[in-house]
Amino acid sequence: MTTTQPLRAATVVLTAALACAACSSSRNDAQTQAAIAELETAVAAAKAEVQRLKDIDDLENLAGIYGHYVDKSRHDDVADLFAPNGVVEILGRGVYIGQDRVREYMRNLTPGKVGPQESSLFNHMHLQPIIDVLPDGKTAYARSRLFVMFARNDNAQWGDGIYENVFVKQDGIWKLDYLHGYQTFYTNYEDGWAKKASAIFAPYARLPPDRPQSVPYDPYPAAYAPPFHYKNPVSGRADHYADPTWHDTLAK
Amino acid sequence: MRSKQYALLGIAAALASFAAPVLGQSTDDPAARVAALRTRLTNVTARTTRVDDINRIENLQGSYGYYTDKMLWDEVVDLFADGGTLEIGPSGVYVGKDSIRKYLLSLSGGKQGPLPGVLNDHFEEQPIVTVASDGQSAKGRWRLMLMTGVSGSGSGGNWGDGVYENEYVKQGGVWKISKLHWYANFIAPYEGGWLNADKKAIDDYALGKGVTPDRPPSESYEPYPGVFVPPFHYKNPVSGQ
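Going down the list, the protein sequences come from chains A and B. Just so you know, we're using this note's numbering here: the first sequence kicks off at 195 and counts up by one. Just so you know, we're using this note's numbering here: the second sequence kicks off at 52 and counts up by one.
Isolated chain A (complex conformation):
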């Protein structure tokens, strides 16, 4: 046995120990790196979900803000809520395409005047919103209920309808892309809806639309269900009301 033998032996042991430590350390590093990568993915998913929830709140506010502005005939504020290519279609008035045309449509509601007028009531309550943001986070659909209290001088009316609106997010801001208001009924306060309800509101002769109404229908007392943008939230059944035979298929 030489004097170097114990040293060699010690070196082997030490090297093995170091190697083992390095091996263990790198294994831990790899595990930690994998866990961090997994966390990054999960954090990104959580951020996307928080954004979606925030979008739903923002959209609910946007729909409500539209109603508050319309109440007070703030036509330019209303038009400003639309995207440049935004579209408005209300009752049977027809389709107005582009923000400039939306502005003309809104201003036409009280020609030559902006803002609330004496002896006028134009309350537009937006209720019962069902909002769905598409996976791209840039498009959203909302169904909501419109309840109107209208007055002009000595004529008072109730109004009732359904919105199926489309929203678009541009530069981080949600805007109205297609506002579509379906007429359920308008009735004079003295009468009530079951006694007398208006026919579908016709296009304005003084401001013809760019297109006639997209879905012809007769309001109450006729039978009509505005199409749903969403599937049944439990069964997942898709909207079948585009199919004119749906009534027969359901009866089976």
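Example chain B residues on the side facing chain A (calculated, C-beta under 7 angstroms, incomplete): (1) Leu130; (2) Pro165; (3) Leu170.
Computed cross-link-like contacts, DMTMM-like style, restricted to lysine to aspartate or glutamate with a CA-CA straight-line distance of at most 25 angstroms: (4) Lys389(A) - Asp255(B); (5) Lys221(B) - Asp326(A); (6) Lys190(B) - Asp251(A); (7) Lys190(B) - Asp265(B); (8) Lys227(B) - Asp251(A); (9) Lys425(A) - Glu176(B); (10) Lys241(A) - Asp104(B).
To be clear, the hints were calculated from the coordinates, so they are not data collected in a lab. Predicted model only: the values in this text are computed from it and were never measured. We put the CB at the ideal spot given by N, CA and C, even for glycine.
Fit chain B to the given chain A structure using the hints.
Below, chain B without anything else, positioned relative to chain A:
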């Protein structure tokens, strides 16, 4: 006395020796920091799930209203869990989807879908949704405003008002109605409004036509102009009482 002091010293020492490596890991050990972050993220996703649950339950009850507007009974029935119950004012309790379907169809002469001349608008408003701590069930108080009517009946229609105290269950990740209970407040003719509220109008609206409920009404109460407060599922959110 001394022995007790030693015992306390022992616990303190044990806590110190337990705490020391934990504190060390929380600042230095990457694996411990990853584990701590994972816990925090789990807490965050539990909260987003809760907010999403509330949104989905609001959509569920809102859909109930929109489908009921148009008497789309197949769609309404699909919103219920198996064994779910429905009770509308004095209707009695209908248990399970088959019973609920028969009851709903009886309200519209066996037909479904919008009918000419019939208005059946159900405004589902003012939700207070409370999700249970396990995230698998929930309760919701809602206000219902009704506008109904039959064109040509001679009346302008009916106003209606009442409160729901409903229950929901999450099954397979999907929220469903497990208990729908509407407390009638009033139904009144358009002419004269709620000063002409009439219990018979509630019966006309709520009682099944030629069908029998599975159970009698769960509660007895006097609607407006009587006095009744539908029980609240929640405590006062500020006082906790």
